[in-house]
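**Student:** Which chain is which? The protein sequence lines are P and C, in order.
So in my numbering, spot 40 of the first sequence is number 1443, and the numbers just go up one at a time.
So in my numbering, spot 17 of the second sequence is number 1420, and the numbers just go up one at a time.
Hints in this document: simulated from the structure, not taken from any laboratory.
Computed from a predicted model, the values in this text were never measured in an experiment.
Among the clues, some could well be false.
If chains are identical, the list can't say which one is meant, so a pair holds when it fits in one copy or spans any two.
Unchecked claim - Pairs of lysine to any residue, SDA-like flavour, derived with a Cα cap of 25 Å: (1) Lys1511 / Asp1443; (2) Lys1497 / Glu1407; (3) Lys1511 / Thr1452; (4) Lys1486 / Ala1471; (5) Lys1417 / Gln1405; (6) Lys1486 / Ala1518; (7) Lys1497 / Phe1480; (8) Lys1484 / Gly1505; (9) Lys1497 / Leu1516; (10) Lys1489 / Ala1408; (11) Lys1484 / Gln1405.
Number of protein chains: 2
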Amino acid sequence: MQYEAISLLGKFAKFSDHYRPRVIAEMNDYQFKVVRVQGDFVWHSHEETDETFLVLDGELTIDFRDGAVVLGRGDLFVVPKGKEHKPHAVAECKLLLIEPRGTVNTGKAGGALTAPDDVWI
Amino acid sequence: MQYEAISLLGKFAKFSDHYRPRVIAEMNDYQFKVVRVQGDFVWHSHEETDETFLVLDGELTIDFRDGAVVLGRGDLFVVPKGKEHKPHAVAECKLLLIEPRGTVNTGKAGGALTAPDDVWI
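Please build the complete structure, drawing on both the sequences and the hints.
**Tutor:** Below, the structure is given as structure tokens:
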């Protein structure tokens, strides 16, 4: 049989809202999520896990309490567990997130930007 | 302080051999590895874990005993644990692999293409 690869760009063509991650695949108990971001996210942390950001298009800045990192297209960064961070992007940025199943986008911070978990596309 | 993002292309500029994965980052007990592939790999499986392939440039085919999948640039595929597979590429292909720390590239198949584990770049 012919197995089907998952096209990241193809997944992005299916939605347009910001800060609403969609799951596209699972590896053991981890998930791959695509998300469009623009504007400011909220300060939050994930107490139980590291979180990986891979920028597919655009530019993302992640602020920390002690600094920041800027990611362009093709750049990867792993935010250590427990480290407070606030992502933001001036123009729209396309991201691949990799993190354990059940990771909520705002951690325990809550608020209006908290997205439904485990939404597949 | 200014944190540094990991440039995938920048990592690829540092090596040229094939089927020799290099670790570029860790997330919990998982590793991100960059690898150049060209030609045939060996049939093998990973009995303990799924394995994720993300094609960054070129085209990769992964044969299974019951079929195959073809990945182009920006395509992702998760090979389920225990599933025998044989990657191959006619022209050079650049990959990002994501799998648990300690995953050997040839599984238990061994042979000349078995790469040293946990080599960072």
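**Student:** Hint by hint, say whether it matches the structure.
**Tutor:** Results for each hint:
1. Lys1511 / Asp1443: Only inside one copy: Lys1511 and Asp1443 sit 17 Å apart there, 47 Å across copies, limit 25 Å.
2. Lys1497 / Glu1407: The answer is both: 22 Å in one copy and 19 Å across copies each meet 25 Å.
3. Lys1511 / Thr1452: within (13 Å within a copy, 30 Å between copies)
4. Lys1486 / Ala1471: Answer is within: at 12 Å inside a copy they meet the 25 Å cutoff, but 41 Å across does not.
5. Lys1417 / Gln1405: Within one copy only: 23 Å inside, 35 Å across.
6. Lys1486 / Ala1518: within (20 Å within a copy, 34 Å between copies)
7. Lys1497 / Phe1480: both (14 Å within a copy, 19 Å between copies)
8. Lys1484 / Gly1505: both (15 Å within a copy, 21 Å between copies)
9. Lys1497 / Leu1516: within (17 Å within a copy, 35 Å between copies)
10. Lys1489 / Ala1408: between (32 Å within a copy, 15 Å between copies)
11. Lys1484 / Gln1405: between (39 Å within a copy, 18 Å between copies)
Every hint from the earlier list agrees with this structure, and none is contradicted.
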